[in-house]
Amino acid sequence: MKVLSRIYTTLIFIFLYAPIVILIIFSFNSSKSRSVWGGFTLEWYSRLFQDETILNALKNTLIVSVVAAIFATIIGTLAAIGIDAMNKRLKKIIMTLTNIPMVNPEIVTGVSLLLLYSIVFGILSKFGLDVSLGLVTLILSHITFNIPYVILSVLPKLRQMNKHIYEAAIDLGCNPFQAFMKVVIPEIRPGIMTGMLMAFTLSIDDFIISYFTSGPTSQTLSVLIYSMTRRQISPKINALSALMFVTVLSLLLIVNIRQIREENKAKNSKSIVKL
Amino acid sequence: MKKVFSLILVSVLVLSICSLPATAQDTEEVPLTGESITVYNWGDYIANGEDGFIDVNKEFTKRTGIKVNYDTFATNEELYTKLKSGGSYYDVIIPSDYMISKMIAEDMLEPLNYDNIPNAKFISEELKEHCGFDPEGKYSVPYAWGRVGILYNEKYVDDPVDSWSILWNQKYKNKILMFDNPRDAFGIAQKKLGMSFNTNNPEDWRAAAEELKIQKSNVNCQYVMDQIFSKMGNEEAYLAPYYAGDALTIYGDNPNVKFAIPKEGTNLFVDAMCIPKGSKNKEAAEKYINFICETDIAFENISYINYSSPHVKAAEMHKEYLAENFGDWAVEVIYPETLDGCETFIALDNETYQLADRLWLEVRNSGDYTLTIILVIGALALLIGFIVFLRIKKHRRENA
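The listed protein sequences derive, respectively, from chains P and C. Residue numbers 1 to 275, in our numbering, belong to the letters of the first sequence in order. Residue numbers 1 to 400, in our numbering, belong to the letters of the second sequence in order.
Please keep in mind that the hints were generated in silico from the structure rather than gathered at the bench. There are no misleading hints in this set.
Computed Cβ-Cβ distance ranges for the label pairs, DEER-style: (1) Val120(P) x Gln354(C): 25 to 35 Å; (2) Thr33(C) x Ser250(P): 39 to 49 Å; (3) Val248(P) x Glu136(C): 50 to 60 Å; (4) Ile14(P) x Glu236(C): 15 to 25 Å; (5) Lys67(C) x Gln50(P): 13 to 23 Å; (6) Ile123(P) x Glu136(C): 34 to 44 Å; (7) Phe207(P) x Ser36(C): 22 to 32 Å.
Pulled a few chain P residues facing chain C out of the computed Cβ check, cut under 7 Å: (8) Ser33; (9) Arg34; (10) Ser35; (11) Leu114; (12) Ser118; (13) Phe121; (14) Ser132; (15) Leu133; (16) Gly215; (17) Pro216; (18) Gln219; (19) Tyr226; (20) Met228; (21) Thr229; (22) Arg230; (23) Arg231.
The structure presented is a predicted model; accordingly, all values stated were derived computationally and were not measured. Note that CB positions come from ideal geometry on N, CA and C, so glycine has one too.
I would like the entire structure built from these sequences, with the hints used as guidance.
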């Protein structure tokens with residue numbers, strides 16, 4: 001039985017990671033083909049760093065995901081604190097409302113955002129303001145779909161937190177703002193960090209919403225890669241994907257290690273209390 | 001690889017020294033004027049400084065001081081949606097034939113001022129005759145063109161490849177690829193049946209759809225686009241229709257892959273530069289179009305893309321380049337002696353579009369469902385099994 005379960009797990013992992021491994025291997029392929037092996041080379045990596053279109057798209061992607069993640073974290077955390085303070089019924093209603101963007105198919109979100117932007121642009125142009133799709137609209141869209149994920153990762157931490165700590169801080173002479181910054185924020189920080197990282201990775205991943213809301217000067221990586229499909233997708237993209245995979249993997253490892261450490265800490269402190 | 005690369009580099013250098021006009025070398029950098037234009041082109045469809053060719057956009061900025069914002073798309077429909085839904089402005093767009101005629105009909109393009117595009121005189125007259133989408137060239141200047149033909153692997157295909165009907169040959173069952181877009185796929189069936197691509201007769205479209213269904217059930221073809229490169233390269237498939245220029249790319253990976261144009265005639269596609277309504281800097285856009293038609297730029301650009309150049313002089317230079325790097329067969333593939341029998345797509349009636357979309361869905365969904373059904377039944381069985389397992393467990397616990 002144990003052998004069987006081992007084999008099963010191995011198979012699942014092979015299934016999950018084989019495409020990525022192949023992609024990484026082919027990023028070292030000296031032939032442009034995605035199937036014929038022509039020898040080992042690092043050429044694509046060096047060419048990647050000379051290709052302005054790709055680098056520009058990478059820059060846009062990073063700007064959008066970092067800015068969107070930061071804003072979404074701030075808004076999401078504040079929202080979570082507000083939601084946590086609500087009564088049960090209101091909480092339920094608001095949570096349903098915030099969850100809708102998550103279950104909503106991305107293509108619907110993308111198209112409706114595009115419609116919204118063109119209507120707003122139409123109104124603005126009547127006042128002589130000439131705006132078009134670009135980084136700003138892209139960032140706004142990303143903030144929109146990131147917020148629910150941040151709320152979802154912060155709320156449980158708030159629920160776990162002992163409400164009386166905040167009151168104690170106030171009793172001990174903090175004003176509400178100080179109490180919030182010095183007591184509440186450190187308590188829920190793991191949730192905030194997880195939320196921010198999740199928002200960041202979701203933003204990097206996103207294709208459909210970016211596809212609809214990016215403008216001529218704000219093409220992101222995913223949109224650029226898609227546009228290469230009439231001709232062959234350049235192996236430079238393999239190289240880039242390999243680099244991105246390594247980055248995301250290390251980010252995830254960091255998060256997980258952090259979580260494990262924190263859990264251990266919590267266990268230790270509990271055992272101390274028991275003693 | 002390095003050797004080939006440096007060979008290409010050297011040949012380009014030699015070529016550029018013998019044949020470029022003097023102006024190409026001694027261009028001085030013009031300071032930035034603060035102007036900018038936005039260009040919307042197909043992905044990977046412009047020389048970008050790789051493989052030893054110049055970076056066209058950078059060179060334009062260098063020579064004129066106008067900055068280029070460059071954006072790319074994957075399908076004509078994508079370009080159309082982006083322009084229609086508003087919110088973004090482009091100065092130069094490069095759609096294909098039928099999309100241009102559709103945009104002209106919907107009044108989405110600016111007429112060009114040829115006083116600003118003197119280099120348009122280099123565009124081949126023979127090609128212009130095939131530009132039925134914009135007969136007088138009022139709105140568009142061709143950028144690149146090509147033909148659709150059949151890629152085949154010599155090693156496995158021993159019948160003569162001279163007719164579209166070989167894509168229906170059961171001998172090559174499971175080894176045939178097809179276009180995954182309706183216009184190109186229907187086009188093949190239409191030519192096989194001897195029809196025009198641009199027919200608006202619903203009966204013709206239905207007959208073509210029937211033909212495609214027969215093909216699907218007989219040879220079990222796969223519908224793909226860019227996967228053609230890898231599938232033909234590693235001999236997973238033996239026969240596939242695709243664009244002539246890309247045959248050279250696949251040949252680089254697998255020299256057994258050859259290209260043939262069927263005798264029934266084929267599709268000639270033209271991608272052309274246009275200025276959409278709403279362009280904020282029409283004059284700079286015309287400068288850009290003119291710049292692309294400079295002989296040296298047109299040559300460098302087309303040699304990177306390896307499609308056919310509409311530019312008479314650049315085409316001559318490109319032929320030499322092809323003969324040197326690929327052999328004479330490549331020259332024949334890219335620049336055929338005659339364009340007789342080639343037909344260009346133009347826009348269809350709206351009803352025909354709708355019919356074509358519906359028929360395309362029918363074709364794609366026709367045929368063998370066994371695997372899907374097995375998978376669905378399997379998933380259901382697993383789900384039911386799991387629920388039963390939970391029930392039994394619960395039952396036991398309650399009894400215990």
